[in-house]
Every structure is written in structure tokens, then in C-alpha cells.
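Novice: In order, the protein sequences belong to chains A and B.
Counting with this note's numbering, you get residues 1 to 170 for the letters of the first sequence.
Counting with this note's numbering, you get residues 171 to 563 for the letters of the second sequence.
Derived by calculation from the structure, the hints in this document are not laboratory data.
Every value quoted in this text rests on a predicted model; they were computed, and no experiment measured them.
For glycine and all other residues, C-beta sits at the position ideal for the given N, C-alpha and C.
A few of these clues could be false.
[What the hints assert, rightly or not] One side of the interface only, derived from the structure: several residues of chain A facing chain B at Cβ under 8 angstroms:
#1 P21
#2 T43
#3 E79
#4 A133
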Amino acid sequence: MNRRFIRLTVNGDTHELAVAPQETLVEVLRDRLGLTGTKRGCTSGACGVCTINDETGRALLACLALAVEWDGRAITTIEGVAVDGQLTPLQQAFWECGAVQCGYCTPGLVMTARALLLGNPRADAHAIDEALAGTLCRCTGHIKVKQAVAKAVADLAAAGNGTTGDGPQG
Amino acid sequence: MSLAKSLSDALQRKPVCHCLEKVVDDRGRDPSGGWLTRISGGRPAVLYSAGVGRRPPRRGSPLHLPTFDYRRPQSLAQALGWLAEFGPRAAVLAGGTDLLIALRQRLLRPELLVGIGALAELQGVQPCADGALRLGAGTPLTTLVEDPLLRVRLPALAAALQSVGSRHVRNVATLGGNLNLPTRCWYVNQGEAWRQARPPCLKTGGDVCHVIRSARECFALQSSDGAVALLALGARLELARAAAVREVALDDFYRNDGLAPTTLDAGELVTAVYVPVTPLRSTFLKIAPRTGLDYGLGTVAAAVAGSNRRVTAARIVLGSIGSWPVRLRGAERIVAEGGLEPATIEAAAEAARADLGELTNLYSTAGDKRRLARVLVRRALAALRRQPEAQAA
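Just chain B, same shape as in the assembly (with noise of 0.2 angstroms):
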């Protein structure tokens, strides 16, 4: 009798408690009626719900985009002339699937975004006199992966651009814009109230390394899918100033360091890859948490000329494993010289291993790495054995 009394004042007793603050609306009042508290050392804490006391948050709150100018340029030149003229303070819109998230963040803060997503000089595939195709940096990657010719001749960049993001993600994000994908970790890229609960690291503009303890320099890792892609396939890059163009190798293009991935320089900007159509044989693949919109935790590009039997040229590439994709030259050696045979393809695969060199923890151990470049490479090699072969001689 007396445990069923106590219990039913249990059960209706208000939550009282002196630690326990009532939340008050904007006005003061309780909206809740005194039932809803919350725990605080501070002042009554204000509750902004619809029909309460509906406000826009704060200038300066995460949910809104820094303060920036935005310019659209008419032509190429005048977009190059802006980022001559503003330097590192100008960062250039194109998609913006990966810079506006970088802004929410806070990780850029630029006084200039140059909108080049509608011009048409770095729009389309064309076909050039030496039969190298010609990409705009700044077609979509779902016109890439749906263009006929590119899906026919280069399957490994179709299979690469098609498992970026989603497709909402594809229908706007530009190709130049996944070339120059900035290096990531999980201490930087996150929302600036996370990187203020710790000092800045070597990324932010201090000395220390939040992910590898005993770093003196930056391991962020390179995930642009595309550009594994591409390496395999032996691309070059056109990269445009706003007086001179020049022409780059993609393996001259990366740069295994955390800070600078690229050798873009300040008011350079990716205008074109260019990307030979040899009679060869390419394919890509991406082990990833899940199909859609991760980043890999491994992937491999090849591509080889020649017959199984007799393979005149093999270039294999691994991403997402270390701060620039890795060319792996031991791997490529080996079936070079032995052909794409059941045993080269497992040698090479255990060549991999050794080829990677020096690996981080960052994301996934260095020992999963290690075995996933194993299994990815022998998984590509054995993909493009089964493909028909090239009547090349």
C-alpha cells in the first residue's frame, strides 16, 4: 500500500531539481508549462520553436554560408584576369558540391567565388587531330559517364566518375573540380566548432597532427576517383593563367603532400584534360562503405596495351590510400614483362604490397591498406585479362 503511494508520487512529481533550469521562451514565458527543463549552470536557456519565437540563426552560424562576393565571368580570360588579380583571396566556383560544404566549414574563407560553371570554353567532349579526346574541366561528371565514346574508350574513367557521390551530386560537380579535390582527414574536415576543441594542426595553421600524433607533416589523403582514373589512362592536363597556358602530365600534376596536393599554382586554373585513345584495355574499381556518395578506402585503376599474352604497356594506380594516388611501378614491371597470366597477376598483386611505400593509419590502418591494395590490384588485373583483347599487334 505504501510502495504503490510512493510510487504514484514518483510518477507525478514535476522533475525539480536545483541543477534542473526551466526553459523559458523569448518572452519569458515557460512554453512547456514547467514540464520541460534542462540542465544548466547559466542563464534560463531560450527555446526558438515555430509560433514561439521563430528566428533565422545568427549571422555566423553554421547553417549559413560565410559573407563572399560573387562575380560570373562572360569569357574564360575575364575569369583568369579575376583570379590574377585576387590570388589565394578568390576560390573558383564551378559545381561547388565540394567548395560550398568547404565554406560551411569554414575551411576556406574567401573574399571572391568567380562562378565559371556556364562557360561554355570549358563545357564538352571533342575529339582532337591526333585522337586524343578532349575534356572540359567543367563538364558535369554525369555528361562524361553518359557520353557514348567515353563509355566505349575509356571505361576506367566512366566506371571512376560513375561511383562519385550521387547523382544529384554527378549532375552538377565538374571533372576539373574532382582533379583538384582537396586532401582530407577527419580532424580538419569537419565543422569549425570541432577544430576549435583542439589547437590548429600543421592544415589550420599550426605544428601538431590531430590524426598522426608524431607528424611533422600533413597525410591527408587524396580521394579524387577521377584522377586514379585518368593516371591510368595517361592524361595530360591544360592549365590556363591569365596570360600563358601550359600543358602538364597528370603524373607531374600531384604531389604526395597533405598541404599542396597539386602544383596548381595561385590563379591557375584546370581548363582541360586531355586523354589519349590507345587500342588499351581499362578498368576501375572502389571498395567503399557504401556504393553511393563515400569515399573509397581503396581504389585502383589499370589500363595495358597488347594482347594477355604479350602486354606492351601496363599502368596501374591505387587512390584514396595515401595523399596522392600511387603509381605502382613494381606491379606495372611485373606484368610488362610477364603478361597478364594467373601467376603475374598474383606476383603483381603481392608487389603492390611494397610498392605503396610509407602508409598512415588515417581512415583505415596501414596493414588494411596494405591488404587492400593486394586485393585490388589483383581484382583489376584479373578484370582485364577478361576482357577482350586488342588486335594490336
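Chain A on its own, in the form it takes in the complex (with noise of 0.2 angstroms):
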């Protein structure tokens, strides 16, 4: 019925798949691939839980992407975060943020947050709610989670230069 193959990298893994058009990057994340990190919330684009990233690094919805239109193209999910077993920065400030409540949303607030810091690694706070907007916990989590990615920010400030963190406070 139709279905083409697509050449997929994630997370440095390149997959052959013969996918159907109507195929959804989660669908095949999640139901071919194993990958289930990803989560499927609202698949409408309102929950942000299914949260990728791209090449460039950039966050996008695996709900609201057609896997044909990836072909050729690579991703990093939330599985592909962690360096050698070794939580990232970012990962360590929401373990010790406690940034966790039921978890269902953390997978997509972490790829959300690790959009923004490879974008903006100076990001202020208003930064921060721009960009974790559209990212919902429904446990109503969300301070401690800016909490976390402004602790982000400042670990990085840190380690990268020497200076402190110059802008955000939690």
C-alpha cells in the first residue's frame, strides 16, 4: 500500500524503513524503531511531548511531521541526549531540580530546553518561557523546570569560560 523507503538517522543510527505516506515521525519512533522515549501526548500539536530535535538542532513536533518528508534526514531524540551514559548539563539540572514530576512531559521539556541552549546558550529568563512555551506539564510543574534549564544556563556559563552566570535567576 504504497509505502516508499526512507533513510532516517537517529541519534547517529541510520535506519532503512519502508514507511507508509501517512506514516508520523512518533509513529515510527515509537512502534518500528523501540525508540518510546518519545512520548505521544495530544498528536495534535498542543502538548509538546513528542518534542525532537533536528540537524541543526532546532525543536519540532514528532506528531506533526510526516516520516517520508524525513527522508535523508537525522534526529535526536531524548534517547540520544546522554553522552556515553553521562547526563548532559542540562539533564543533571532537572535531576537536581527535582524538574519531575510524573515524567510524561520530561523527555519533550529536556529536547525543548536543549533546542534553546544550543540556540541562545545565554538564555534569560524571558528567553526560557518563550521557548519552553507549548511544552505542557499537567502535574503543573513548570517552575521548577525553569528552575532547571536557568541552572542549565548558568552550569554551562560556567564551565565554559569561567564567568558566572551573568542573567538568569530561576
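Build the complex: two chains, separate frames, hints provided.
Specialist: Right, dumping it as C-alpha cells:
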């Protein structure tokens, strides 16, 4: 039924898959590749739990992307964030700030915050708010998430050039 | 003593009732050990959960997109050829942030999706010879919002596009998609099961309206934020079809009709937006329940040329309040004649209420919409007054 082959690189591993035109990226990640870290939520772009990053590190929603359109491209999912089992400073900040309640939105929030930090490593409180809008925590745990991202910004700044984070305070 | 005993009996008793039915998995076993029951009059409910009988949702389930064919054109000409060939049976897929939701809700059932997302012809911001900016209709909103030229010369447009959806959405959603946003209402823009609970409406092939009971026409709302800003800036659109290209002023693109909100023909595609970059001040404001994701309850864009004392041209547009973005011509005239002075700002805000004409109670009451219009116009004009005046004579 009209399947076509695509070559999709996920977290550095290249997969060749036969997908139907109507398969979305989140379906391919979860149901075909078994990468269930990317969650399936509202499937209509309103909750952000399916957030992944593209080659340039931008956040996008895997529920609103057709797999056939991603032929030849590369994405990063939550499974590909940690390096050799070591949490990144962002993940560490989530851990230390307790920015997790039930955890369902956490992969989406981490991928959203990762995109922010890749594009704007010195994000201030306003930039954090703006970037995180669209990823909903229905346990309403947004305050700690914002603290965690601000902490990651400060930690990265301190590690990067010896200066302390000069802007963001949770 | 007897009370304590009956209480403990009640607590230990399993919920047994003739109207409650045991839940069984797909092999007929009861995974809950008898505790999990549900109210049902029919056959035993089947529980699918991980490890018990995990199955993908059925074909046709609202969790899946419907079936369609997909083609990726190598050129704009090829895309236009397919659109001409398939006509209304084809849909254009650019960013997909609105189309895929419409497909999931079965609002559309196209045979073919033409994926124009990668077409180079539709990308980017280029200055033209006459000083206008050419915005490719396939440019993602984030690219436009972050464009330095756009931010400085067209602040209303940058603010409007920044207010769309979330950053995730703006990273892929395109300008053309935003301008072609379908009109919406709380009956049609739901899942298929919701719609099927009532007979079809004017928009879905019936002859009633479930939102406005007495309506004989469709009053669905147009919520495009880009359209509001571009109308205030006096933009023109470039529309292409298989054998022809035409230009149309954005003023002539939208129609006050929930069923046919634009004059775009079948097989036609918005390929570019031309925005004049005259020395003019512009601003955009949006009132919405949340800063992110929500459509506006009301939006306004205003642009003026000249100084505060002597305004040479003014355009004020209100959005998300009717089936098209509304030019407030009475308010524009007041500002053009009286300048951006506190008294004229107040008069223009008052005139906005009358400029709106007939309003509906869709999403918010007509009275609220009219009051909001006054507030939005007042705030927008006050913001323009505070902006540095142009050096033009």
C-alpha cells in the first residue's frame, strides 16, 4: 500500500525503513524503532511531549511530521542526549532541581530546553519562558523546570569560560 | 459491634452488581483478578494494555492519519502541475502544523499530499528593486521572526508571526500556511466522532449551524495573525498556478465568508508575499488566554506614515473577531485626519466599535469582541505614538 523506503538517521544510527505516507515521525520512532522515550500525547501540536531535535538542533514536534518528508535527514531523540551514559549538564540540572513529577512530559521538556541552549546558550528568563511555551506539564511542575533550565544556563556559562551566569535566576 | 462488622464486610466485599461486567483481555482472561469491572450492557469489554494484549490501534482510528499518497516535487512547476491535475483532490503540505491536525480530525480527505516544504523557490527574504521585501511563502516563521531586516523594518509582522503557536510550531510552520489558515469554530474543529454526534453543518455538507442556531451562512473565525499584520502593512500576494502567475492585494484576498475565506482558486498556490518597506511605524497586539499556542480572542495591527501631528496614511486591522481580518476604515480616517493625538486615539478606538459591523457570539460574545476592539485599537495607537517618529516630511 504505497510504502516507500526512507533513510532516517536517529541519534547517529541510520535506519532504512519502508513507511506509508501517513506514518508520522512519532509513530516510526515508537512503533518501528522502539524508541519510546519520545512520547505520544495530544498528537495535534498542543502538548509538546513528542519534541525532538533536527540536525541544526531546532525543536520540532514528531506528531506533526510525516516520516516520508524526513528521508535522508537526521534527528536526535531523548535517547541520544546523554553521552556515554553521562547526563548532560541540562539533564543533570533537571535531576538536581527535581524538575520531574510524573515524568511524561520530561523527554519533551528536555528536548525543548536542549534546542534552546543550542541556539542561545545564554538564554535569560524571558527566552526560557518563550522557548518552553508549548510543552505542557499537566502536573503543573513548570516552576522547577524553569529553574532547571536557568541552572543549566548558569552551569554551562561557569564551565565554559569561568564567568558566572550573569543573567538568569530561576 | 454490629456496625463495625457490617462496615468491615462492606469494605471486603467485591463490587458485584448485575449491571457491572467483568473486564477480560483478548484471550478471555481477567487480568485484574475480578476487581476491575465496568458498567456495560453489551459484550465483555476487552482490555488492551502492555503485556496483556498490546495491539496497535485499528486502521481508521483517530490516532492514525487517514491514508493518502504523497509526492515531493523537484520544482515549483512540477508541484503546480500536480495541483492542476488533482484539483480539489490534492492538498498542499508545507509545514503541516495545521494540515496534519485537519487530517487527523478528518476535516479533509485528500488523495494526494504535495510536499512543497523543500522547494527552494519558496524560501527566504529578498529585497526587491522597488524597495519592497519579497517573503517566500514557504519560509518557516522562525526564519522570518529572526530576520534582522524584518524585525527593524516590519515590527508588526515580526510580532505577529512570533505570536503564532509555539516555537516548535514556528520552526516548521510557513508564512503561506499561516495566510491560508482555515476558518474555525468549536463544532467543526473537533474529532470526527464529536462532529458525527450531530447532523452535518453548513461547512460539513449540511444546512444547519450548530454554533449560531439561526445562521444561514457560516461565520467561522479567521485567526491568521500574519494576515492581520500584512494587511496593515499593505502587502501583496503572488499566486501561481500551472500556467500563470498573478498578483493580488491582500485586501482583495480575504472574503467575509466562513466557507470560502479566500479568493485562492483550486490548483493555485501562494508563492510569495511582497511587503512595501515605506518609512512607516507599525505594531501588532494579541489578546489570548495564553501567550503561547492559543489563537487570539482579538488581534490588532496598525501602521501609520508621517509624524504624530501629521499622519499621512493609516491602516488599522482587527483579526480573530470575524470571518476575515477587518479593516477599520472609520478609525483609519480619524487618525489620518486628526493625527496620533490622545483625543483622536480615543475617538478612533470608539469608532472601531462601529466599524466592526455585525459580530457573532462564536468563542466570545459579540459585546466582548466589541469592547476588546476598542481596547486593542487604543493600545495599538498609543504604542505607535510612543515609537520614534519617521523623519519623512
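Novice: Confirm or reject each hint.
Specialist: Hints and how they fare:
1. Hint status for P21(A) relative to chain B: holds, with the closest Cβ pair at about 4 angstroms, below 8 angstroms.
2. For T43(A), the suggested interface contact is upheld, since its CB lies about 6 angstroms from the closest CB of chain B, less than 8 angstroms.
3. With 8 angstroms as the threshold, the beta carbon of E79(A) stays out of range of chain B, its nearest partner Cβ sitting at about 19 angstroms, so the hint is violated.
4. Taking 8 angstroms as the C-beta cut-off, the interface hint given for A133(A) holds, the closest approach to chain B being about 3 angstroms.
Checked against the numbered hints above, the structure breaks only hint 3 and satisfies the rest.
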